[in-house]
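Based on the hints, put chain D in the right spot on chain A.
Okay, here's what each chain looks like letter by letter:
Protein chains: 2
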Amino acid sequence: MRIAIDAMGGDHAPDVVVAGALEAVREWKDITVILIGDAARIEPLIRQAGDQPSNLEVIHASEVIEADDEPVKAVRRKKDASMVVAGRMIQEKKADAMISAGNTGALMTTGLLIVGRIEGIDRPALTLTIPSMDGKGMVALDMGANMDASAEQLVQYAIMGSIYRKKVHGVVKPRVGLLNVGTEPMKGNELTKAAYPLLEQAPIHFIGNVESRDLLYGPCDVLVCDGFAGNIMLKSLEGAAATIFAALKIEFTRNLATKAAAAVLRPGITKFKRQLDYSEYGAAPLLGINGLVLKSHGSSNALAIKNAIRQARLSIENELLASIVKEINHLSK
Amino acid sequence: MRIAIDAMGGDHAPDVVVAGALEAVREWKDITVILIGDAARIEPLIRQAGDQPSNLEVIHASEVIEADDEPVKAVRRKKDASMVVAGRMIQEKKADAMISAGNTGALMTTGLLIVGRIEGIDRPALTLTIPSMDGKGMVALDMGANMDASAEQLVQYAIMGSIYRKKVHGVVKPRVGLLNVGTEPMKGNELTKAAYPLLEQAPIHFIGNVESRDLLYGPCDVLVCDGFAGNIMLKSLEGAAATIFAALKIEFTRNLATKAAAAVLRPGITKFKRQLDYSEYGAAPLLGINGLVLKSHGSSNALAIKNAIRQARLSIENELLASIVKEINHLSK
Chain A
6 MRIAIDAMGG
16 DHAPDVVVAG
26 ALEAVREWKD
36 ITVILIGDAA
46 RIEPLIRQAG
56 DQPSNLEVIH
66 ASEVIEADDE
76 PVKAVRRKKD
86 ASMVVAGRMI
96 QEKKADAMIS
106 AGNTGALMTT
116 GLLIVGRIEG
126 IDRPALTLTI
136 PSMDGKGMVA
146 LDMGANMDAS
156 AEQLVQYAIM
166 GSIYRKKVHG
176 VVKPRVGLLN
186 VGTEPMKGNE
196 LTKAAYPLLE
206 QAPIHFIGNV
216 ESRDLLYGPC
226 DVLVCDGFAG
236 NIMLKSLEGA
246 AATIFAALKI
256 EFTRNLATKA
266 AAAVLRPGIT
276 KFKRQLDYSE
286 YGAAPLLGIN
296 GLVLKSHGSS
306 NALAIKNAIR
316 QARLSIENEL
326 LASIVKEINH
336 LSK
Chain D
6 MRIAIDAMGG
16 DHAPDVVVAG
26 ALEAVREWKD
36 ITVILIGDAA
46 RIEPLIRQAG
56 DQPSNLEVIH
66 ASEVIEADDE
76 PVKAVRRKKD
86 ASMVVAGRMI
96 QEKKADAMIS
106 AGNTGALMTT
116 GLLIVGRIEG
126 IDRPALTLTI
136 PSMDGKGMVA
146 LDMGANMDAS
156 AEQLVQYAIM
166 GSIYRKKVHG
176 VVKPRVGLLN
186 VGTEPMKGNE
196 LTKAAYPLLE
206 QAPIHFIGNV
216 ESRDLLYGPC
226 DVLVCDGFAG
236 NIMLKSLEGA
246 AATIFAALKI
256 EFTRNLATKA
266 AAAVLRPGIT
276 KFKRQLDYSE
286 YGAAPLLGIN
296 GLVLKSHGSS
306 NALAIKNAIR
316 QARLSIENEL
326 LASIVKEINH
336 LSK
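In order, the protein sequence lines correspond to chains A and D. If you count by the working numbering, then the first sequence holds residues 6 to 338, one letter each, in order. If you count by the working numbering, then the second sequence holds residues 6 to 338, one letter each, in order.
Isolated chain A (complex conformation) (with noise of 0.2 Å):
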């Protein structure tokens, strides 16, 4: 198993990128890391770790794409960047997946441009796991690759979800919820009152409309939405629990008796706080492109990095993409 990471993407990149791909090439003897970037950068920082493992590799890319690049631009014009060159080495199999920390709409530029998409799927979808209270997360699609969406595209999103679902995180029998503003069959907009019976038709286990208001306590193992919708639920979410968790703190830190009082109650609070954070889920791959691209978080810390590679080990092991384009082209015929 080959995987490609862009070693210059991300705010705490290469350090971060080189420290995770070493930790995960000294578990995981079955894999090569392939660090692409400025090896005069990225070389030191493997000599300075010691030992330099059999199975890691660095490629260099002259170019990097920031954070601040128009994605289309950068990634047409910058052809030795890091990651265009971890998008063409996937392009010609000889990687099996690749990791970036990088702009993402570059990545997905990246995905479309580079690797291509599968037949069948009109758009892929950045898949993220939502963290939920117990602890099981939910794997929600589309968190904002394409902001419109249409209700054959949703079905799309349903199937790839269920089939990541299965295979990566080992659910038998996923629960597709399909994101409204109610339950009941009829509720929404047109967008969701078109995907509703599509969705019941198709090859998943739909269970119906779920409610953002719910969506903490996982009330399903799926769930579907476009880009738009599903990016100002994960931002509503993430920003509802930034402000309250900074807001406790102030009240943490008033004075004396209350640091006291905080003191006894932080490891319960911590605790949950780390359930609900999303940079402990891992990265975010992008279905529907025909290779595994994954999207790590832009602050990635070294485990992270390592996460994102359990990730792409896992899909790649359990054969995520192949399962994808059979079930797709299944049923395109």
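Each hint should be verified, as a subset may be incorrect.
Identical copies go unnamed one by one, so any copy, or any two together, can satisfy a pair.
[Said to hold, decoys possible] Below, computed lysine-lysine pairings styled on DSSO-like, alpha-carbon distance capped at 27 Å:
| id | residue 1 | residue 2 |
| --- | --- | --- |
| 1 | K171 | K264 |
| 2 | K98 | K78 |
| 3 | K192 | K83 |
| 4 | K331 | K278 |
| 5 | K276 | K264 |
| 6 | K254 | K34 |
Note that these hints are calculated values from the structure, not bench results.
Using the frame of chain A, we list chain D on its own:
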């Protein structure tokens, strides 16, 4: 100022509605409140309260629209329902405003079919004041009256929301934000991309796109969105807050030590929890209806009903409706 109230609407009707109305008429002598509903139930409640204020009237209505009634059918068939009778009073100018804590869909239908729309407005919008950490809140519309909206309708929402924020909340130059997935002008779906340039041209103080991540910090005074996205956003915020406060409660009551610690922290936490409590933020007007129609929360207590009356009184006093009609007329020319 005559304010009609659907005394039978809401989870705790008619008791809390009567109690709230009594408090209101005692405090504001310049209003007359008309309680509409089952006189056999309403009148004893007033008598029990002691004095019978001269600015409180009761109009008997023999029917009630229930929470699970199909809105359009219910409004058409139950011609003597308390909500419908209140709507007719608005339409016939026998009252200046109406309030109901009942079935939201039925109230919307009452607004559309009995009272009617303002000329030039395509669709009325459910207008909620969302709490924010600074205590100022944010007027957000549409929160779910219409699931789909056109770019032109978003502009109408923006104009109505601005006038509401000025007239009822006293904000001189309300900053209008467009709910979106990013702050850059070209972000979003087809709808927000089409609405952005129209909002720039509109007679409002448009400040651009606003991300849902930042909403609880109150980045604008008026937030505009389609009813589907708005409802998803609202329920995500509410759901995240409810889930986190529920988890906190579990931590606080885990054992004697955590209970003691919680006692120290509770005053501060209760304060900001209350700041984020939607029920403290009053009723939601249906802007765009040719009359003042306010939706109070289904679980309203007497204080919430009194606050809704306060809002209705302010809206009448400051000529909210006439201001909206004038601005929309002006635009249509």
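Broken hints, by number: 1, 4, 6
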